[in-house]
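A.B. asks: These are the residues of each chain, in order.
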Amino acid sequence: MQINISKSQAFWQGAKVVFTLQGLMLSGAMIGFAGFAVEVGLSRFEAVLMAGMIWALPSQLILIGSIFAGAALPATFLAVALSAIRLMPMTAALVPEIKNPKTPTWLLLILSHFVAITAWVYSMDKTRELPRDVRVSFFAGAGGCIWAFNTAVIGISYGIVSDLPLMAIGALFFLTPVYFLMTLWRSARDYSIYIAMVIGLILGPVFAQIWPEIDILLAGVVGGSLSTLIYVLIERNKGENP
Amino acid sequence: MTYFSSDAWYWPIIYIGIAGWIATDMWRWFGVIAGNRLKEGSLALLWVRATATSLVAAVIAKLILQPTGALSEFNIYLRIFAVAAGFAAFQMTGKRIVVGCGVALLVLLVGNWALNFQ
Numbered sequence: 076m077q078i079n080i081s082k083s084q085a086f087w088q089g090a091k092v093v094f095t096l097q098g099l100m101l102s103g104a105m106i107g108f109a110g111f112a113v114e115v116g117l118s119r120f121e122a123v124l125m126a127g128m129i130w131a132l133p134s135q136l137i138l139i140g141s142i143f144a145g146a147a148l149p150a151t152f153l154a155v156a157l158s159a160i161r162l163m164p165m166t167a168a169l170v171p172e173i174k175n176p177k178t179p180t181w182l183l184l185i186l187s188h189f190v191a192i193t194a195w196v197y198s199m200d201k202t203r204e205l206p207r208d209v210r211v212s213f214f215a216g217a218g219g220c221i222w223a224f225n226t227a228v229i230g231i232s233y234g235i236v237s238d239l240p241l242m243a244i245g246a247l248f249f250l251t252p253v254y255f256l257m258t259l260w261r262s263a264r265d266y267s268i269y270i271a272m273v274i275g276l277i278l279g280p281v282f283a284q285i286w287p288e289i290d291i292l293l294a295g296v297v298g299g300s301l302s303t304l305i306y307v308l309i310e311r312n313k314g315e316n317p
Numbered sequence: 031m032t033y034f035s036s037d038a039w040y041w042p043i044i045y046i047g048i049a050g051w052i053a054t055d056m057w058r059w060f061g062v063i064a065g066n067r068l069k070e071g072s073l074a075l076l077w078v079r080a081t082a083t084s085l086v087a088a089v090i091a092k093l094i095l096q097p098t099g100a101l102s103e104f105n106i107y108l109r110i111f112a113v114a115a116g117f118a119a120f121q122m123t124g125k126r127i128v129v130g131c132g133v134a135l136l137v138l139l140v141g142n143w144a145l146n147f148q
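Sequences listed follow chains G and B, in order.
Following this note's numbering, the residues of the first sequence are numbered contiguously, the last one being 317.
Following this note's numbering, the residues of the second sequence are numbered contiguously, the last one being 148.
Hints in this document: simulated from the structure, not taken from any laboratory.
Among the hints, erroneous ones may be present.
Partial list, derived from the structure: chain B residues whose beta carbon lies under 8 Å from chain G [stated by the list, open to error]:
id: 1; residue: T83
id: 2; residue: A88
id: 3; residue: P97
id: 4; residue: M122
id: 5; residue: V137
Covered stretches of chain B (chain G as the covering partner; in silico rule of three or more C-beta atoms under 8 Å from a C-beta of chain G) [unchecked claim]:
id: 6; segment: 46 to 58
id: 7; segment: 67 to 79
id: 8; segment: 110 to 118
id: 9; segment: 124 to 133
Computed from a predicted model, the values in this text were never measured in an experiment.
Idealized CB from N, CA, C, for every residue including glycine.
Required output: the full structure, derived from the provided sequences and hints.
C.D. replies: Below is the structure:
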């Protein structure tokens, strides 16, 4: 069903993601990140800068790990880049969903900074119900607001959570993969996503044992190809034997 | 060339800018360029979406099985069991994320308390 809404209405509708359960869960993980930053000895400015510039929690943790391992800039660049490859197919899958023929590429390049799991899942899920000309506005609201809000959350919670016990930080970090798992599962529009998820969950740990440097990338490409193949074969079979 | 090799005030900004911002945003930019060429309903888009999903699923598995930092304080089997319990609760309540996350967290904390109970 298509509804008629203006671009600014779509923007604020997207912004609501900040106060959904997934949004608040992310804020919890960001408070955990602020606590972790205090723990390892980063300044408030550094913590905010990292989160704002990277905007992908696993990559932020890898950057910190590399910094304190005393890694040189090129080595850190490589480690962080390897951890962030998933952002490419995520962005590539989102762009055809939200753009319209008039959307300028420079706008998409700027907005792509806000591609991270929470806003991505939310937008992939919700923009389907919106007319095409307001979808970019919706994503700008969802991605931009959740970015701005949570970058601020890190800055504000930095001092306050300095005494957070290790177990509390651990519990907050635990919520991240748990809600990733459930939001991704719920947002699936057809069963090809279920196949891709199950295969990815299995292949990830398998490749982590065999080839840990590029395990995520391998799991993604092999898992994605395998699940596409399975999906196409099942659909073809359905077509031939209705 | 390490993070601590210069006292200049701008060095952390350059280091984080290159090894953090460019290292992550370059993938988002490649994604925009690739996504601009994908047609809705095409096989290529189906593959890209499946690959993105498998990648995220592998990240989820890694965050649970090989976490960096504080989460590694919890027993690995307890972490797996807590996720499984949370996911089961999520499925049984008509995919309610709040229930799934709540159950997973509760199992993790209670389980950890029980494991450390002397």
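A.B. asks: Counting residues of the segment 124 to 133 of chain B whose CB is closer than 8 Å to a CB in chain G, do you get three or more?
C.D. replies: holds (count 5)
A.B. asks: Has the segment 110 to 118 of chain B got at least three residues whose CB is nearer than 8 Å to a CB belonging to chain G?
C.D. replies: holds (count 4)
A.B. asks: Would you settle whether the hint for B/T83 is holds or violated, based on the nearest Cβ-Cβ distance to chain G being less than 8 Å?
C.D. replies: 4 Å, holds
A.B. asks: Holds or violated: is the Cβ of B/P97 closer than 8 Å to a Cβ in chain G?
C.D. replies: For B/P97, the interface hint holds, since the closest Cβ of chain G sits about 6 Å away, which is under 8 Å.
A.B. asks: With a Cβ-Cβ cutoff of 8 Å, does the segment 67 to 79 of chain B contain at least three residues near chain G?
C.D. replies: Our answer is that it holds, as 9 residues pass the Cβ test (under 8 Å) against chain G, meeting three.
A.B. asks: With chain G as the partner, please determine if B/M122 meets the hint condition of a C-beta pair closer than 8 Å.
C.D. replies: 13 Å, violated
A.B. asks: If you take the shortest Cβ to Cβ gap from B/V137 to chain G, is it below 8 Å?
C.D. replies: Hint on B/V137: violated, closest Cβ of chain G at ~10 Å, above 8 Å.
A.B. asks: The segment 46 to 58 of chain B covered by chain G? Criterion: 3 or more residues, Cβ-Cβ distance below 8 Å.
C.D. replies: Satisfied; 13 residues make the cut.
A.B. asks: A closest beta-carbon separation below 8 Å is what the hint needs, so does B/A88 meet it against chain G?
C.D. replies: 3 Å, holds
Going through the hint list in order, the structure does not satisfy hints 4, 5.
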